[in-house]
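Protein chains in written order, with our numbering: chain A, -17 to 488; chain B, 1345 to 1462.
Hints in this document: simulated from the structure, not taken from any laboratory. Even for Gly, the Cβ is constructed at its ideal location relative to N, Cα and C.
Here chain A is said to cover these stretches of chain B; the calculated rule only asks that three of the stretch's residues, wherever they fall, bring their Cβ under 8 Å from a Cβ of chain A:
no.	region
1	1375 to 1389
2	1394 to 1401
3	1419 to 1430
4	1437 to 1450
Chain residues, written in single-letter form:
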Amino acid sequence: MMMPMGVLAFLGLILIPLGVSPFVYLLGRVGVRTSEQQQARATWVRWAALLTLLATWIPFVLAASEFARRGPAEFQLETIALRLDGVSLLLAAAVLGLTTLAALFSWPYMAGEIGEEKYYTMLLAMTGVMVGLGFATDLFNLWVWFEAMAVSSYLLVAFYRRQAASLEAGMKYLVQSATGSVMVLMGIALVLATTGTVNLSEIRAGAAGSSPALLAAGALFVIGFGVKVAMVPMHTWLPDAHSQAPSGISALLSGVVIEAGLIALLRALMALAGVTHAWGLLLMGFGAANMLYGNLLALKQTQVKRLLAFSSLAHVGYMLLGFGISLYTGQTGGAQGAFFHLLTHAMMKGLAFLSVGGLLYALRLAKGDHNPLLTADLDGAATRYPLAALALSVAALALGGLPPLAGFMSKWQIFVAGFQTQNAVIMGLVVFAALNSVLSLGYYVPLVNALYRRKPSDVVAHGAVIPQAMLIPLVILTVAVVVVGLIPGSLSWLTGEAAKALLAAF
Amino acid sequence: MKNSVRFQRSFEGEIMNFSPLNIILLGVLGLFGVGLYGLLITRNLIKIVLVLQILVKAAVLALVLAGKAGGNLGLGQSLAATVIVADTVVAVIGLALAVQIRRRFGTLDLPAISTLKG
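Just chain A, same shape as in the assembly (with noise of 0.2 Å):
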């Protein structure tokens, strides 16, 4: 039995976000009529959302000391049980810190958007249904926070619904992750079929030998959910996704969304772990493709936020790579790297997403175009704006992975887990992993040279000035960063412990 304490904790992290989100629209909408009241309200709205977010770091921090102190946790609400593993206090963390310094971003980002409250709102309910998503025990349950996450991120994707490319982004994202989402149900529909039950343990005790209709609910939770981890071929919608949605948003579906996704994926993969070794073959080749995929398309983008967003993929493929050599050889190695990038990935996508995004507003938003920042626009930006110029070069060269930043850890621990197997396939994957990290730079650096060395653009030169509440999310996620990498046994408290409650199957 857990403490009172603990319950509350529980449920702390997923009520208080979830619970204020209505109020919040409440609070920007009753009884506004004028657009003074409208401006004096959305300033209630920006303190009301951050304010919540920073309330949710208390039952965080008892969630994660009485996890310390007694290991997992399962709470029985009716017949859904919700259990904090490793798993989700990482997820846990990865959401709420992404989610705190993107809604400190977005405080001037947003200001005078239209529909401003719904933003908040629908952020605070993302934010919740995140983590819940962690807690999930059973398939359906494990679902429902999916689908839940997957509404919430349509709506924030097709904010600017005055952009016909943000409409056409949402559009394509809603059709594809619903289509996918189908898929996942049938696979559900199928386990429940053969083994009775949704729930994930009693699966995977049940589901000993190979059965064809197992198979084929994993291979379609594996095309389901891959449409949310944006695996290759099933990633159209993630570059207009992520380069149209507003930044602070962009900066979380890269950071966390399609990294809960692939905790999803996982969850429901390991429950037929017992089935077949073939779902890590299955997830290392995917990565190899990610990886490839992401990067020669990146190299050709002339929109930076574009251009980040395919670097996502490649980055999901390392991710992948190294969650499939834990599911292949159940060692933990693996799954412990890629959970490790897990979180380096959510701080360096995240400062590279938020950074560009203080030079897009100042280049562009602050005199109302909406038009994207190209590469071209950069030329010189450092010499105006020195502190986002700084954030976007930590974070590019993280994310190409040059020591000693916060990237090259994750990807090194990936490498190592790779080559403990000694197993030959897994090693030359390891290797065109390698030299997909070095193509990368091939991206990433020309964005340093141009910030850096080129003259100033005539659009730098008329740039606005970047507001001081967008840049403390920046210095403290470069810091992080740096930080980081130099310590990298930092975060294997929270990494170890989500590699061993992945595998405890095994």
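Since the structure of chain A is provided, determine the placement of chain B on it from the hints.
Same frame as chain A, now just chain B:
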């Protein structure tokens, strides 16, 4: 578990008889096929939302069937009811987006609104 064995046998399908479960299974496969085919050929956004609904209905039916076949009918039914709620939300958002797209682009034709590439 006895039910589930029977289901597996009918799934591997040596003799396809017209028991109620098999008829429902045919319904699931039919709806799913129509939905997937529809997704491939449809160009109008409203119709795409409708096709998605057909696909989801296949899944709803499949869940009820799976509940029956796996010997846990109540679970299957409650899952199906939840799916209906969740997918209505998706349909509403899809239609709302279609309305906005009609306003901005002046058309609902899919090729005409595809501008983002590569």
